[in-house]
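Using the sequences plus the hints, can you model the full thing?
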Amino acid sequence: MLKIKYFVQQSWLLVVSAFMFGLLIAVTNAALIDRINANNANKVTDKLKSLIPDADEFSKQESITIKSQQQSNVDVEIYKAVSDGQCQGWAFKAFGAGFADKITLIVVVDKSFEKIVGFSVLASNETPGFGDRISNSFYRDQFAGAPTEKLNLVKVGDADEIDSDIVAISGATVSSQAVVDIINNTMLQLKIKMLEKGMIQDE
Amino acid sequence: MSSNENKVSSTLLAGLWKENPVFRLLLGMCPVLAVTAACKPALTMGFCVIFVLVCSNIVVSLMRNLLKPHLRILMFTLTIATFVTIADLLLKAFQPEMSTALGPYVPLIIVNCIIIGRAEACASKNDLLISIVDAISMGTGFTITLCVLAAVRELLSTGKIFELTVLPTVEAGGWFVPWTAMMLPVGAFVTLGLGLAIVNVICKKKQA
Amino acid sequence: METVTTLLLAFISIVIVNNLVLTKFLGICPYLGVSGRIDMAFGMGMAVTFVVTISGTLTWMIDNWILMPLGLEVTRYICFILVIAGAVQLVEMYLRKFFPMLYESFGIFLPLITTNCAILGLCLFINLWGIDSLVEAVVLSFGAGVGFTMAICIMAGIREKLKFVDVPDCFAGAPITLITAGILTLAFMGFAGMIK
Numbered sequence: 001m002l003k004i005k006y007f008v009q010q011s012w013l014l015v016v017s018a019f020m021f022g023l024l025i026a027v028t029n030a031a032l033i034d035r036i037n038a039n040n041a042n043k044v045t046d047k048l049k050s051l052i053p054d055a056d057e058f059s060k061q062e063s064i065t066i067k068s069q070q071q072s073n074v075d076v077e078i079y080k081a082v083s084d085g086q087c088q089g090w091a092f093k094a095f096g097a098g099f100a101d102k103i104t105l106i107v108v109v110d111k112s113f114e115k116i117v118g119f120s121v122l123a124s125n126e127t128p129g130f131g132d133r134i135s136n137s138f139y140r141d142q143f144a145g146a147p148t149e150k151l152n153l154v155k156v157g158d159a160d161e162i163d164s165d166i167v168a169i170s171g172a173t174v175s176s177q178a179v180v181d182i183i184n185n186t187m188l189q190l191k192i193k194m195l196e197k198g199m200i201q202d203e
Numbered sequence: 001m002s003s004n005e006n007k008v009s010s011t012l013l014a015g016l017w018k019e020n021p022v023f024r025l026l027l028g029m030c031p032v033l034a035v036t037a038a039c040k041p042a043l044t045m046g047f048c049v050i051f052v053l054v055c056s057n058i059v060v061s062l063m064r065n066l067l068k069p070h071l072r073i074l075m076f077t078l079t080i081a082t083f084v085t086i087a088d089l090l091l092k093a094f095q096p097e098m099s100t101a102l103g104p105y106v107p108l109i110i111v112n113c114i115i116i117g118r119a120e121a122c123a124s125k126n127d128l129l130i131s132i133v134d135a136i137s138m139g140t141g142f143t144i145t146l147c148v149l150a151a152v153r154e155l156l157s158t159g160k161i162f163e164l165t166v167l168p169t170v171e172a173g174g175w176f177v178p179w180t181a182m183m184l185p186v187g188a189f190v191t192l193g194l195g196l197a198i199v200n201v202i203c204k205k206k207q208a
Numbered sequence: 001m002e003t004v005t006t007l008l009l010a011f012i013s014i015v016i017v018n019n020l021v022l023t024k025f026l027g028i029c030p031y032l033g034v035s036g037r038i039d040m041a042f043g044m045g046m047a048v049t050f051v052v053t054i055s056g057t058l059t060w061m062i063d064n065w066i067l068m069p070l071g072l073e074v075t076r077y078i079c080f081i082l083v084i085a086g087a088v089q090l091v092e093m094y095l096r097k098f099f100p101m102l103y104e105s106f107g108i109f110l111p112l113i114t115t116n117c118a119i120l121g122l123c124l125f126i127n128l129w130g131i132d133s134l135v136e137a138v139v140l141s142f143g144a145g146v147g148f149t150m151a152i153c154i155m156a157g158i159r160e161k162l163k164f165v166d167v168p169d170c171f172a173g174a175p176i177t178l179i180t181a182g183i184l185t186l187a188f189m190g191f192a193g194m195i196k
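In order, the protein sequence lines correspond to chains A, B and C. Letter 112 of the first sequence, counting from 1, is numbered 112 in our numbering, and no numbers are missing. Letter 9 of the second sequence, counting from 1, is numbered 9 in our numbering, and no numbers are missing. Letter 52 of the third sequence, counting from 1, is numbered 52 in our numbering, and no numbers are missing.
Worth flagging that the hints you see were computed from the coordinates, not collected in a lab. No experiment lies behind these values; they were computed from the predicted model shown. Where hints are given, some of them may not hold.
[Claimed, not checked] Cut-off 27 Å, straight-line C-alpha distance, at most; resulting in silico cross-link-like pairs (DSS-like, lysine-lysine):
{"id": "1", "chain 1": "B", "residue 1": "K92", "chain 2": "A", "residue 2": "K93"}
{"id": "2", "chain 1": "C", "residue 1": "K163", "chain 2": "B", "residue 2": "K205"}
{"id": "3", "chain 1": "A", "residue 1": "K102", "chain 2": "B", "residue 2": "K205"}
{"id": "4", "chain 1": "B", "residue 1": "K160", "chain 2": "A", "residue 2": "K43"}
{"id": "5", "chain 1": "A", "residue 1": "K155", "chain 2": "A", "residue 2": "K111"}
{"id": "6", "chain 1": "B", "residue 1": "K92", "chain 2": "A", "residue 2": "K47"}
{"id": "7", "chain 1": "A", "residue 1": "K3", "chain 2": "A", "residue 2": "K60"}
{"id": "8", "chain 1": "B", "residue 1": "K18", "chain 2": "B", "residue 2": "K205"}
{"id": "9", "chain 1": "B", "residue 1": "K92", "chain 2": "A", "residue 2": "K49"}
{"id": "10", "chain 1": "A", "residue 1": "K60", "chain 2": "A", "residue 2": "K115"}
{"id": "11", "chain 1": "C", "residue 1": "K97", "chain 2": "A", "residue 2": "K3"}
{"id": "12", "chain 1": "B", "residue 1": "K40", "chain 2": "A", "residue 2": "K43"}
{"id": "13", "chain 1": "B", "residue 1": "K18", "chain 2": "A", "residue 2": "K43"}
{"id": "14", "chain 1": "A", "residue 1": "K47", "chain 2": "A", "residue 2": "K3"}
{"id": "15", "chain 1": "A", "residue 1": "K150", "chain 2": "A", "residue 2": "K47"}
{"id": "16", "chain 1": "B", "residue 1": "K160", "chain 2": "A", "residue 2": "K47"}
{"id": "17", "chain 1": "C", "residue 1": "K163", "chain 2": "B", "residue 2": "K204"}
[What the hints assert, rightly or not] Among chain B residues calculated to face chain A with C-beta under 8 Å, some are:
{"id": "18", "residue": "S9"}
{"id": "19", "residue": "A37"}
{"id": "20", "residue": "M63"}
{"id": "21", "residue": "N65"}
{"id": "22", "residue": "L66"}
{"id": "23", "residue": "K68"}
{"id": "24", "residue": "L71"}
{"id": "25", "residue": "L74"}
{"id": "26", "residue": "M75"}
{"id": "27", "residue": "I86"}
{"id": "28", "residue": "K92"}
{"id": "29", "residue": "P96"}
{"id": "30", "residue": "L129"}
{"id": "31", "residue": "L155"}
{"id": "32", "residue": "L156"}
{"id": "33", "residue": "S157"}
Note that the Cβ used here is the ideal one computed from N, Cα and C, for glycine as well.
Right, dumping it as structure tokens:
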């Protein structure tokens, strides 16, 4: 009995405050959780919006399974960009190994899967000042309008000319190559699968 | 009354220079090095620390007479962890970009020595007013230091301060060649090292 | 075979490429504070490795088996710090009872470890990287400890030599240590990109 009394005496403050703090967190969480979820959902949509400003809705499609760079099966998330009921283009998430860590990109192509509209980096951990320049306009702009065939990375070339040759960022060849490889791997397999499924028509 | 006012004003100034947590006490080094690559995350981090510091100092000061000595540290940690969770939720809700940029360094405020140090050294011994003033002073000192270091690093690595161009870079047609090393971990260590040395020189001059 | 390769790569990456001290700035306080002598540094490193392996594993289990199924992710930080504090306490009691020699040699370092950001940091990074196998979490936790030990021992080795160097007055102590650490991170940058 004495032991219990001693125990309560020593720890009542801890128990009471733990309860109060738990309540405090629960209230804050309840108040903010909707906003946080909305923010997380907006993260992808905002990037997509900046790539295709015309589209006003992005509907998530059924995922398509492809082979990753390591030849294991992975699911690719696909979004259909719609405006006024018309398909404006397709967007898909692509990921693979970068220089330091995994790179996750979101790539947008036009509605017939003929030309790339652009890409945006969702998550990467490339070296600041070098590898992270893959999200700079010098590199990214080369993809806008490039054909959806196998892209090549070249060290010297004309960056303004839009074709399947992508000019590497000096000092960040590995990261530049990684982005090209990731896009190639995902895009080429997706194109075939989506043609098979009849989601896009071969013209 | 006047002695109390004196104490308040001296506490208020202590955190800014004489007991500046970073330069003089060498506390809370992890965020100082990790988030000072640019000004905006540094400022956000500073505000988070002020928020947590003020809240935890208030709570600790209110319950200072009820604390059992051997459960003290546990109580401090619990208080701090609660307010850090709240700060993290607020960031996620209202500043989602900064929340991703700061990543795990927001929850790491829990183990920031400044906060537990102030709870132990000040809030558990002083009344509410002094504790709040102390928290604000220490937090502001920390934030200002963070921003100064971040400004130096951001300026040298990108030619910008708060994302506003100060020095036009070569890429944008100017003359300034960005000093990329300042953005890397080495920049953090060297800037802080030089900062400490400069503060040492100033203090020596003052004494002499 | 494939899993062994993955685990080996994870281990090397956390020890060298993503070293917590030199690339993530975690555990800087003991890194600057206790790196004066190499035997002290090694003691600290061992104590951290010990605790980080236990708490990394425990927090992964709690996170994946209790918090996530119950949807209680919001209390993650509180759980993590309590687990770490508890683990330190347990280790301390266990060592004092069964390995008094070891306990003596760890000395003051054990209670200090609770506020070592490397440990909480690692638990958070394991969660952030989305590690989904227990074995990998254990390997990463152990690797983080080894990486910390390595970094702090290298630093202690340099500082033992630094004592005989004529450093300008204003640089003596912390400033020169920080600059040395900076140069060390530059050296470790060479390992980036080693793991594909």
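Okay, the hints, checked on the actual structure:
1. K92(B) x K93(A): holds, 23 Å
2. K163(C) x K205(B): Within the cut-off at roughly 25 Å; holds.
3. K102(A) x K205(B): Distance ~50 Å between K102(A) and K205(B) Cα, so the pair is violated.
4. K160(B) x K43(A): holds, 26 Å
5. K155(A) x K111(A): violated, 31 Å
6. K92(B) x K47(A): Given pair K92(B), K47(A) holds - Cα atoms ~18 Å apart, limit 27 Å.
7. K3(A) x K60(A): violated, 61 Å
8. K18(B) x K205(B): Holds. K18(B) to K205(B) sits at ~14 Å (cutoff 27 Å).
9. K92(B) x K49(A): holds, 21 Å
10. K60(A) x K115(A): Between K60(A) and K115(A) the Cα gap is close to 21 Å, so the pair holds against 27 Å.
11. K97(C) x K3(A): With a Cα-Cα distance of about 24 Å, the restraint between K97(C) and K3(A) holds, given a limit of 27 Å.
12. K40(B) x K43(A): holds, 19 Å
13. K18(B) x K43(A): Given pair K18(B), K43(A) is violated - Cα atoms ~43 Å apart, limit 27 Å.
14. K47(A) x K3(A): violated, 61 Å
15. K150(A) x K47(A): holds, 24 Å
16. K160(B) x K47(A): holds, 24 Å
17. K163(C) x K204(B): holds, 22 Å
18. S9: violated, 32 Å
19. A37: Holds. Min distance 7 Å.
20. M63: holds, 7 Å
21. N65: violated, 10 Å
22. L66: holds, 5 Å
23. K68: holds, 6 Å
24. L71: Given a least distance of 6 Å, the restraint on L71(B) holds.
25. L74: With a closest approach of 7 Å, the L74(B) hint holds.
26. M75: holds, 6 Å
27. I86: At 5 Å from the nearest chain A Cβ, I86(B) passes the 8 Å test, so the hint holds.
28. K92: For K92(B), the interface hint holds, since the closest Cβ of chain A sits about 5 Å away, which is under 8 Å.
29. P96: Nearest chain A Cβ about 4 Å off; hint holds.
30. L129: Given a least distance of 22 Å, the restraint on L129(B) is violated.
31. L155: violated, 14 Å
32. L156: At about 11 Å, which exceeds the 8 Å cut-off, the nearest Cβ of chain A leaves the hint on L156(B) violated.
33. S157: holds, 7 Å
Of the hints listed earlier, those the structure fails to meet are numbers 3, 5, 7, 13, 14, 18, 21, 30, 31 and 32, in rising order.
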